[in-house]
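Q: The chain contents come next:
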Amino acid sequence: MKLGEKITKIPRQIIYLFMAAAIVFPLIVPIGMPINIMPQTKKLFDAIEALPPASKPVLISCDFDPQSMPELYPMLQAALNHLLSKNVKVLVMALWPQGAGMGEMALNEIAPVLNKKYGEDYVFLGYKAGAAAVILGLGDKIANVFPADYYNKPLSSFPLTAHLTNYNDLSLVLTLSAGTPGYREWLAYGQSKFGISVGAGVTAVSAADAYPYLGSGQLTGLFGGMKGAAEYETSLIKNGYKLLFRQATKGMDAQSLGHLFIMIFIIIGNLGFFMMGRKK
Amino acid sequence: MNISGSIWVWFSALLTLCILSFLYKDNPFYRFAEHLFVGTSAGYLIALSWHNTVYPNLYVPLIKEHQYLYVLPLFLGLLYLARFIPKFSSLIRIPIAFLLGWGSGVVIPAAIQTDIIKQIQGTLLTRNLFTRWDTAVWALIVLIGVISTLVYFFFSRERKGVLKPISNVGIVFIMLGFGASFGYTVMARISLLIGRLQFLLGDWLGIIK
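Protein sequences appear in the order of chains A and B. Okay, so the first sequence: first residue is 1 according to my numbering, each after it adds one. Okay, so the second sequence: first residue is 1 according to my numbering, each after it adds one.
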């Protein structure tokens with residue numbers, strides 16, 4: 001077997017082993033590679049940072065499931081950490097069934113540590129089916145879509161939600177989106193129709209598709225994948241926030257090393273292919 | 001090293017290893033974990049749909065509050081099950097027609113506004129963009145990219161004369177788009193692996209914090 005052929009026939013298990021090593025090593029022994037903050041992350045961070053403590057509440061929509069947790073859950077943690085530390089009120093909801101679990105878990109992790117009171121500082125609305133109808137309905141009357149919170153207590157019984165009418169009473173929608181329904185639905189039925197500002201945290205797979213909406217100004221800002229989450233965490237630290245979780249930042253060394261190995265394997269594979277072609 | 005004492009963490013970790021074992025080759029452990037995931041997800045979704053959708057939006061108004069108008073959506077919903085009775089299977093067209101009518105009415109104007117009008121607005125060159133050199137350069141690149149890509153997908157004329165070089169420029173932009181998407185996809189997949197390894201090494205084995 002010639003060298004070129006040998007290269008192109010490396011067993012995939014060997015490649016997986018190298019990839020596993022490239023990712024496990026920096027997780028155990030962090031390298032501390034620098035994290036540059038991209039303009040789209042800065043735009044969304046600045047938009048949230050500019051909200052004064054007495055501003056209208058922010059609505060966070062958990063439009064993802066456990067499969068996208070490594071990318072979107074750190075964004076949710078960081079956003080809650082950011083908003084609640086600034087004393088900005090927060091509403092959390094989900095357009096994905098499993099998103100409700102994510103939202104509840106993050107609130108339980110962060111709100112008690114920051115001494116925030118349920119009903120006054122934050123309210124958990126839970127999941128509601130029918131994305132388009134939900135987003136359109138919120139523009140009409142929030143209480144029609146969510147008459148009660150996740151725990152079946154009427155919204156009228158909480159100081160935070162008792163006087164909320166529609167998007168006019170919200171300062172921003174932050175959707176953490178892993179697909180459909182997600183940021184596109186919020187743009188189509190929320191931003192375009194009612195003019196509410198929409199920021200998005202998306203999985204890396206859909207980040208490239210989200211850029212046109214950023215360029216046109218439809219999205220206020222964008223966190224793209226685990227890198228976006230790490231940039232958000234870094235922005236918070238740089239601005240003096242005490243961060244309770246830094247899961248995305250901890251994964252960035254592994255991310256960089258993983259990419260490096262993939263690039264090396266792409267080059268090796270192409271080299272082998274080129275060598276085989278030359279021989280023929 | 002601080003190994004977890006929680007049975008659920010152990011259960012979760014073993015299921016993760018079952019799924020990862022597919023990287024070697026297909027095996028009964030992988031298939032067990034896969035089937036368990038599908039079954040659990042379906043069960044969770046059904047329970048959640050009942051508690052969040054059917055119960056508050058149909059059962060409560062119809063049965064508890066006696067709003068009998070809700071019989072109509074119930075009937076429309078039940079017509080979906082007509083699919084299983086060959087004699088009445090054509091009745092499924094009624095709820096589908098209703099849903100298509102409603103869906104088209106909601107989706108088409110929103111899509112035109114979001115994906116066409118606002119995107120065209122975002123592509124237009126305005127004076128504001130030329131107040132700084134960098135925004136002006138990017139705006140021109142976006143404009144050239146949009147026009148050349150649209151020319152590439154213009155199939156009503158043979159690609160020759162002026163159309164050929166423009167569509168070739170379009171190919172470059174399309175390839176750049178594919179490259180960016182591929183790069184982001186690789187990043188996403190590695191992120192998922194990192195998430196699982198953080199769980200295995202951190203929550204389960206306690207090697208990392």
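The hints are simulated quantities; they were obtained by calculation from the structure and are not laboratory data. Where a beta carbon is used, it is the ideal one built from N, C-alpha and C, also for glycine. Don't take each hint at face value.
Claimed, not checked - Quick list of simulated restraints, FRET-style, between CB atoms:
#: 1; chain 1: A; residue 1: K42; chain 2: B; residue 2: V9; range: 30 to 40 Å
#: 2; chain 1: B; residue 1: K160; chain 2: A; residue 2: K141; range: 56 to 66 Å
#: 3; chain 1: A; residue 1: K56; chain 2: B; residue 2: Q121; range: 24 to 34 Å
#: 4; chain 1: B; residue 1: L74; chain 2: A; residue 2: M263; range: 32 to 42 Å
#: 5; chain 1: A; residue 1: T180; chain 2: B; residue 2: L91; range: 21 to 31 Å
#: 6; chain 1: B; residue 1: A97; chain 2: A; residue 2: T180; range: 17 to 27 Å
#: 7; chain 1: B; residue 1: L74; chain 2: A; residue 2: A20; range: 45 to 55 Å
#: 8; chain 1: A; residue 1: K56; chain 2: B; residue 2: L99; range: 29 to 39 Å
#: 9; chain 1: B; residue 1: A97; chain 2: A; residue 2: E5; range: 16 to 26 Å
#: 10; chain 1: B; residue 1: V162; chain 2: A; residue 2: G277; range: 33 to 43 Å
Q: Against this structure, judge whether each hint is valid.
A: Do the hints match the structure? See the list:
For K42(A) paired with V9(B), a C-beta distance near 37 Å keeps the hint of 30 to 40 Å intact. In this structure, K160(B) and K141(A) meet the distance hint of 56 to 66 Å, their C-beta atoms being roughly 58 Å apart. Checked against the hint of 24 to 34 Å, the C-beta distance between K56(A) and Q121(B) comes to roughly 27 Å, which is consistent with it. Checked against the given bound of 32 to 42 Å, the beta carbons of L74(B) and M263(A), roughly 57 Å apart, lie outside it.
Against the hinted window of 21 to 31 Å, the Cβ-Cβ separation of T180(A) and L91(B) comes to about 28 Å, which satisfies the hint. Here the CB-CB span from A97(B) to T180(A) is close to 23 Å, well matched to the stated 17 to 27 Å. For L74(B) paired with A20(A), a C-beta distance near 52 Å keeps the hint of 45 to 55 Å intact. At roughly 35 Å, the beta-carbon separation of K56(A) and L99(B) lies within the given 29 to 39 Å, and the hint holds.
Separation of A97(B) from E5(A) is about 58 Å and departs from the stated range, judged on CB atoms against 16 to 26 Å. Roughly 35 Å separates the CB atoms of V162(B) and G277(A), a value that falls within the hinted 33 to 43 Å.
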